[in-house]
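Trainee: Please construct the entire structure, taking both the sequences and the accompanying hints into account.
Residue numbers (the working numbering), protein chains in the order written: chain A, 1 to 522; chain B, 1 to 365.
Hints in this document: simulated from the structure, not taken from any laboratory.
Incorrect hints may appear among the rest.
Said to hold, decoys possible - Below, computed lysine to any residue pairings styled on SDA-like, alpha-carbon distance capped at 20 Å:
(1) B:LYS250 to A:PRO466
(2) B:LYS156 to A:ILE96
(3) B:LYS315 to A:GLU395
(4) B:LYS285 to B:PRO353
(5) B:LYS39 to A:ARG510
(6) B:LYS199 to B:GLU50
(7) B:LYS220 to A:ASP402
(8) B:LYS250 to A:LYS144
(9) B:LYS243 to A:HIS464
(10) A:LYS475 to B:VAL6
(11) B:LYS243 to A:ARG295
(12) B:LYS156 to A:GLU133
(13) A:LYS405 to B:LYS285
(14) B:LYS315 to A:ASP499
(15) A:LYS144 to A:ILE96
(16) B:LYS220 to A:ILE96
(17) B:LYS250 to A:SER461
(18) B:LYS269 to A:THR290
(19) B:LYS243 to A:GLU493
(20) A:LYS305 to B:VAL6
(21) A:LYS305 to B:PRO149
(22) B:LYS156 to A:ASP374
(23) A:LYS305 to B:THR305
(24) B:LYS7 to A:THR290
(25) A:LYS458 to B:LYS285
(26) A:LYS475 to B:VAL244
(27) A:LYS305 to B:ARG217
(28) B:LYS250 to A:THR465
(29) A:LYS107 to A:ASP402
Model, not experiment: these values are computed from the prediction.
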Amino acid sequence: MKNWRIGIDVGGTNTDAVVIDEKLNLIAGVKNPTTDDVMTGIEQAMHRVLAMPGVDKEKIGYAMLGTTHCTNAIVERKRLNKVAVLRIGAPAAVAIPPMADWPEDLKEAMDVKYYLVGGGNEFDGREIAPLDEEKILECAEDMKTNGVESVAVIAVYSPVSDKHEKRAGELLRSVLPESVSITFSNEIGSVGLLERENASILNAALRDVAKVTAESFVAALEEENIKDAEVYLGQNDGTLMSVEYAKKYPILTIACGPTDSIRGAAFLTEMKEAIVVDIGGTTTDVGVLTNGFPRESMVAVEIGKVRTNFRMPDIISIGLGGGSIVREKENGEVTVGPDSVGFRVTEKALCFGGDTLTATDIVVALGMAEGVGDPDKVSHLPKEMLDKAYAKIKESVEEAVDRMKTSAGDVDVILVGGGSILIGDDLEGAAHVYKPENFGVANAIGSAIGQVSGQIEKVFSMEHTPRLEAIDIAKNMAKEEAIQAGAQPDSVEIIDVEDVPMAYLGDAVRIRVKAVGDLKLL
Amino acid sequence: MRKIGVKEIEDMAVGAAVLGTGGGGDPYIGKLMAIQAIKECGEVEMITPEEVPDDAIVVPSSMMGAPTILVEKIPNGSEPFRTFDALEKLRGMKVYATMSIEAGGLNSMIPFVLAARRRLPIVDADSMGRAFPELQMTTFHLHGVTCAPMVLSDEKGNTVSMDTIGNKWTEDIARAATAVMGGSTFMASYAIDGKTLKKACVPYTASKCEQIGRAIREAKERNISPVEAVLEVMGGFELFRGKVVDVARKTDGAFVRGTAVLEGILDYKDQTCEICFQNENIIAKVGEEVLATAPDLIINLDTETGLPVTTEGLKYGARTVLISAPCSPQWRTPKGLETVGPRYFGYDVDYVPVEERVSRRKEMK
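Mentor: Okay, structure coming up:
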């Protein structure tokens, strides 16, 4: 029976892999450096874990991949596609330009081309103005000239009527080559123009990052002769999605790493209430474990300081990891990150014979990371600088933990991730610091135990079906979807119910329900 | 007189969301517009009501419409100018200063956009002390000041000037026009002279917004409960803590009406609280027992961040603390209650000040 799983987590620094049996026992786990091309790292990690004692390749029927690549790309402002924003809504939607409250450096790094054209809808489906088709064609020509790689199309009220976005897509397609991808905002987010636009821009910018990651995974599985496995990618609510879906909607993979690590940390420690600190090579994610699940954010979620309207785990991401670059300024001030050598830490860091001073070198020189690198290679570093750098590292984690707290009291902290060597067990504000066994592969475990979801979106006429009855119908349909997608029936829960009134259709409401459940094994 | 810059606007926007009592629209869009305007045109001068000469004319700049529409249909930006130009021409007068019509929600921010761009001072006051859904629900109305003649403008460039026989008519006609114009319009209305303003306004509410916003920010920085900090600044009461288990809402043209159901947590376990809203929170009940009603302020705060949760932000699973604070004394007069009391909103309940309801409940326990 093929009821074992392989779970892989691609981080900026390490690619982790675990094999888990049908009873969710960890059979094997490895950490492997992430490579420049991503694929080699996945292949290596997969190959190594499959070769571990006790692993029966024949039993593997499920493969799950969680990746932090999209988040890293945004935080580091690297590898992003050149995006054009086509906002459809003039004469409305003029007062605030796109990306108005984005961090200046991200705005600069993305170098987004902005076009505003006439069109868009009113709340009731009427047109604000006719779609300015001629101007869109002009915009498309200009995009072509400027080498735009990916377009985000956002029309006012597209969640109510997607006609203008669709038509704009056709017009853009008539000018732009197939290689230019188009993101339609109505497929990305709900009502709330700026937040939906932000998410759409990021989605568009992440096209190549997601494509490379997803394709690498499928190819690596085939290489290992795992051909008939069900392949999933982790999304930010802790559930799994198909590879094709993930390539189209890379934004949904954002924050799946932290979700996976929180779920993995809960699984490893059997704790239900704690703050989880996941330190990778480039970033540190701090989340909260409440009743065994990641705490969800209530307010507009920020991705790399960009406001979006996703429902996501409540996470703070800071630019600190094992590969964070340490610099000493002329005035004696020491900085750590936010830029990182990432997966090159094992060649670039001083303690590995490289030429870059990283956060890892600091803890190695301070004698806090036994077995990592060569302490002799960093013994020349002045103690004063080391102390300053370590204080910076510790402070930034403490501050992030503090920000996630709900009261001034001390809380339990679980440290996971490969970079957790950076922190000892004396964190201020922590009652206890736990580093579970296998802490390094918590992400991959979380990814492997990921749940499957069922989502239903349907317009109900309130005249024929009273609202509560309609919601019950939708809930049952979503549960059924989740079971169809492979969820264990008795584990299925409703996690999201949303209804949007559709004034222009009379007494109609669009109801969206999401159900999740544990993966049912064959 | 003091200067209002970007930092003050940031705090004010948070406080304005609290005074929005669940509605009033998320000040976010207004904040972005105000910040953009201040960055381009410089800081805004804020004056106290006492600093306004008795014969000077003050005109509030505001928006009308469903808040859910504005977050999707961002304005053009030229609307407030068109309304002021048209009103000055219509009445043959020069406007001395602008102000907020309502301290709560988005409309707290709109006059800052105009003040920055038109280089007008803004008065530290409003005509509600919170947010309310209808145009005649102002303390100006209680003093016989009329909303009309007024001007309404949409992003498409349509401008509607109107004169009416009463504020309720203005409300009804403007509301109908707003629905036709796409659900969100800008207004220049309630032109008021300095002398009347001093007795008819709810004073210092822009500063109050700033204090609330600052209290939440500083509580967070010092790791103390932001909810407590808000209650202290507002002189308010905690009514309930719970998890949202159902939200029903319906948009009819320009209003969002509905109810939210909270399932009690901690001290409120096994109790269910129902909050009814008409853009703003109007009444909160546990079973048949009324916890608070309009015109007192009824506000949901996030249990952790202390930030207000608007009725459109209420989602399944959200955990909130329901608080209430006394309204401006002007609302507790017979004419005030006739205008904004629970009966006006269709609830057959006598108005009892929230502080009395709270102490009665304490005695019963």
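Trainee: Which hint numbers doesn't this structure obey?
Mentor: Structure breaks hints 3, 5, 8, 9, 10, 13, 15, 16, 21, 22, 24, 25, 29.
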